[in-house]
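Top line first, the protein sequences correspond to chains A and B.
Heads up, the first sequence stops at 1134 in this note's numbering, and the numbers go up one at a time, no gaps.
Heads up, the second sequence stops at 301 in this note's numbering, and the numbers go up one at a time, no gaps.
If you're looking for bench data, these hints aren't it; they were derived computationally from the structure.
Computed footprint of chain B on chain A, listed as stretches where at least three residues anywhere in the stretch have a Cβ under 8 angstroms from a Cβ of chain B:
#1 815-823
#2 842-856
Okay, the calculated beta carbon distance ranges per label pair:
#3 A:Q844 / B:T276: 56 to 66 angstroms
#4 B:P149 / A:D783: 42 to 52 angstroms
#5 A:K900 / B:V39: 26 to 36 angstroms
#6 A:V942 / B:K288: 38 to 48 angstroms
#7 B:A28 / A:D783: 54 to 64 angstroms
#8 B:L280 / A:K900: 23 to 33 angstroms
#9 B:A28 / A:S1110: 53 to 63 angstroms
#10 B:Y285 / A:Q844: 37 to 47 angstroms
#11 A:G952 / B:G206: 30 to 40 angstroms
#12 B:K129 / A:K773: 35 to 45 angstroms
#13 B:L136 / A:G952: 51 to 61 angstroms
#14 A:D783 / B:Y285: 44 to 54 angstroms
#15 B:T42 / A:K900: 35 to 45 angstroms
#16 A:K900 / B:L136: 30 to 40 angstroms
Beta carbons are placed, not taken as given, at the ideal position from N, Cα and C, and that holds for glycine.
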Amino acid sequence: MATVKFSNIVKNFKDNQVLKRVDLEIKDHEFVVIVGPSGCGKTTLLRMLAGLEEISSGEIHIDDTLVNHLHPSKRQIAMVFQDYALYPHMTVEENMSFSLRIKSAPRKEIQERVAEAASILQLGKLLKRMPKQLSGGQRQRVAIGRAIVRQPKVFLFDEPLSNLDAKLREEMRVEIAKLYQRLGATIIYVTHDQVEAMTLAGRIVIMNQGVIQQVGTPIEVYRKPDNLFVAGFIGSPTMNFIEGTLRVEKGHVRFVSPSLSLDLPASLLPAEGAHEGREAVIGVRPDDVYAGREAGKNCSQKVDAVLEVSELLGHRENLYLKAGDLRLLATVEAFFNQSPGSVVPVCFNFENMHVFDKASQKRLSA
Amino acid sequence: MTGTRKGYLSGLAASAAEVMDSPVRRAKALRYLLIHIVVITAAGICVYPLLRILSISMRPGDRLFSTDLSLIPDGATLAAYASLLKDTMFLRWLWNSLIITLATSFIGVSLASTAAYAFSRFRFPGKKAGLILLLSSQMIPAGMLILPLFLMIMKLKLMNTYLGMIIAYSVSSLPFSIWILKGYYDTIPRSLEEAALVDGTSQVGAFWRIILPLSTPALSIAFLFNFTTAWNEYLVARVVLFSSKQYTWTLGLFELQGQYITQWGMFAAGSMLVTIPVLAVFLYSSKWLISGLTLGSVKG
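Chain B extracted, bound-state conformation (with noise of 0.2 angstroms):
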């Protein structure tokens, strides 16, 4: 009974879509043939210098000025990789890079999600004030502030450490993470936290077992935020650090540069290898990244 039903259901779908036909399906194909044409060219655009950086630091050392396109070059080998590991300090910057970036995300993440938590939940003089003195600070271009970083740096007598680095880092990233978190603070309800207050926590508790717990989408967008800025930081680095040990990565690949020579190769291998972190804590923190953990919570 219920088969000759389905049976009948199906047909009766069937025929609709008959009904419906060819110009609705049409277009709807139309239109999706188009979606995937822009998305394809906006991601070979994207990919495309990748693939050239990917293709050189491939070319042995006689044919760096080639003009050649393909992506395998001839001969290809990964003799600037090697080169750049063992003739360099390469693994030495790169451990800096890491250590400053990693440090920065979590100080960043940590004071954001808490200062954002003050902005969001408490009423106290001066809020609004601070919330536009924080965004009126990302008006400022970033060159500008180099010269008054480099002075405190210098008082606090942390040039060319590790802790100088970091400081600069995670302050010139709070405001935009603090933002962030506390627009996504603002989405969730504070009965939530009003329950958790009754049910026994502290303010405290509260904040830590219900409300970060729920924020991993906006931690994850700070976090990464956090982390790029610092990956790929030049400006500061240049001024803080003198010593090519203390070098993060973006100051060591420009140590190739030479003068007279350049060493290309190296410099693309340099260039490939330094992607791989930032790709990993992307694809990582993707899983985080989905929100829609408050659907459900409240009413319905």
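The shape of chain A in the complex, shown without the other chains (with noise of 0.2 angstroms):
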């Protein structure tokens, strides 16, 4: 297995440049996922990898080697495409050998390694059946076979469970996760949803426009986001924002919106002058906004807010509140009991609250 190092990777198509400067190191046998919206150069940075996109400028390495200019055969990796790209005209088995029969590999070779990645994925059954007739699962069980026989250094997937249905989407991020605690190997995986990066990931490299705005675990990027942009993106339902200004008084900070006053706690934001008059973004998860009783139980300063809607997901529910010009999402134990039109108080965890600086985007909290 093998480590994968970008160095100021550049990409530009004609005047629109979409990856700008990107630097990231893949350690041996890490599960690194890629996340972002589309558009945000994560599969343009896996095409590179792979060596179906020219780089622009930058260096690729694998292990030490320098891949910018290699045929993507000579690169050892194995990719999984989301449309699966499996040969239409060859079986299953066909489709799985066929980087071995390119290489002219002997024929015991050839048959016990497809058997042992057909043992793994279960496939046994299907290896003489033609693409056409498996389902959409079981084509994406067949390009991941055919990954796996090749015994690349790094394996590379693009957003591969983007075409099927939700149950099977789950039942093969499961399979996936299974694979890498089989395989041990080095795995770089393109995603825009966020719950198959958390879920998955050993590390999480969130991308925007081009650019990585934050590495980490999911707990990290979950817990503490870099700037509003992972703030927002990490984490369903989404963060809760709201734009004020933070004065500095009595030795804490205060922030004050035109329909909430906040003193924060000195853990959260310590009081620094440089503060004052700061233009400041709260975020707080929907679950760290407490309603009704548990508001009452958990905190000082609460607010008023007229329920609008709520949605009983089954164990929780969520409550659409507004006060005064804010509207909050807060996320609550199920049986909320409240019909829309009243007046419930609010509060907020402020262990788990982050504040940003509006003007760069940054985290201020701690």
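Fit the two chains together into the complex; they arrive one by one in their own frames, and the hints show the way.
This is how it looks when you write it as structure tokens:
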């Protein structure tokens, strides 16, 4: 297995710069998920690593080998494509053995490797079938099998689950996680689905507009988002954002907005003169907005809000609230039992609150 | 249990059909009837001239101008066929045609398949202009090309040769074949080639092992087009070939048309015989024409 290093990678499509000086190191045996909205450059980065896209400038190393000008097949990578890309005129077995047959590998070795991959992915009974005779999930498994057979240094997955329905996607997600445990391979996985990113990744790389926004473990990017983009992108439902101004008063920072004023604890944001008058955005996840009885139990600084809509999700309930001009989403225990229009007390869990500078969008809080 | 259930279900289906009942079924039957009437009429119109030629080719020599419309004429004979094969160079003409046509088809399709691949997959200056130029060359009437073709072939010193004919034919059918193939390649997802590249083939290897096998329907169409055009061509052959030994069958058959007498029996017999290769190629290639090979390759 292998390490991968992107240094100063730039990609231009005519006048459009889609990757802007990307630096990223991926360790041996690591499962890295690159996540971001569509058009953020994540797939381009992966295709550059695979050798399917030219690099405008910068260097890519696999282990210590510079691969910028190496043919895709010489990079010892295997790629699973978004649309599976199975060769339609070949059987499952021929698809899986294609790379070995190209290399004129001994027949015995081909058979052994295909059989091994087939047993890992439970494809044994499908080997003689044509791709069109398979379901979506089976095709995806064959595509993964084709990658396994190659015994590559790095596995590349390009949104492999995006064409599957929700249930199958969940199943395949678990399969991929198991596969990683079994193979212990270096995997780079691109997706726009932050749930896939959170559940599969050892480390998440969040990209936006050709720039890496944050690299960290799932819990790091969830608990300590570096900037407003990451805060808004990771986590479902999305974080609440409240815009306002910071005031430094009597040894603590006060957040002032038209509908809400909050004294921020020093543990969240120490009182520094520099914060005085700063335009800021407070971020708080729906889980950390307490409403109704929860608000009574947990905190002192309460606001009254009007319940606009509630959505029962099963064990949790989403409450759409309005306090003055401010709209908030709170996720609380199920059976909130208040009808729309009623006024409910709301407060926040300061421990999991985030403060961002509005101008630079960077995190201010600890 | 299953049996009872099955019986119940089919009973249900039957009663559902009764509910839908006759007006729907009658309309359906009427539609089928109409479709069949149209198809059979069209087929009749197409086949009738062929049957007339068959009939003429079997008439005894003294009844060539008879107005009899029976398919197998009285005293039917294969004498015209025998004398065509024995007394003329018909077999030689057929052979010439076959060589020229097959070579044209193979060369034409190989050139077109690679050119179309470049047009479909690569970005290069003049790509769009090239495609439009190819298309516009199809709008020039064939007759207008005779003189330039004649001059070029003469300059190349290829008059009265197979090669001259093959070049003239394969070049003139290239634009159509390129357009057909490019259109087809465009529908094949690029990810298939990319997968092949990652798997270890070169770009040429990906074309050979992935794109070509998947393009058999389009390749067959291009081949058939090349084949029938070259097989039936008369004008260029008339200009390029001048010794009857080198004639294709189209020129050869016209040899039978004398100044005072035309041997219609032999003419018809020849016409019947030349349809055989085309028919054979059509029947053989029909199995390759079945599209849908690409189904199931990507998503689903």
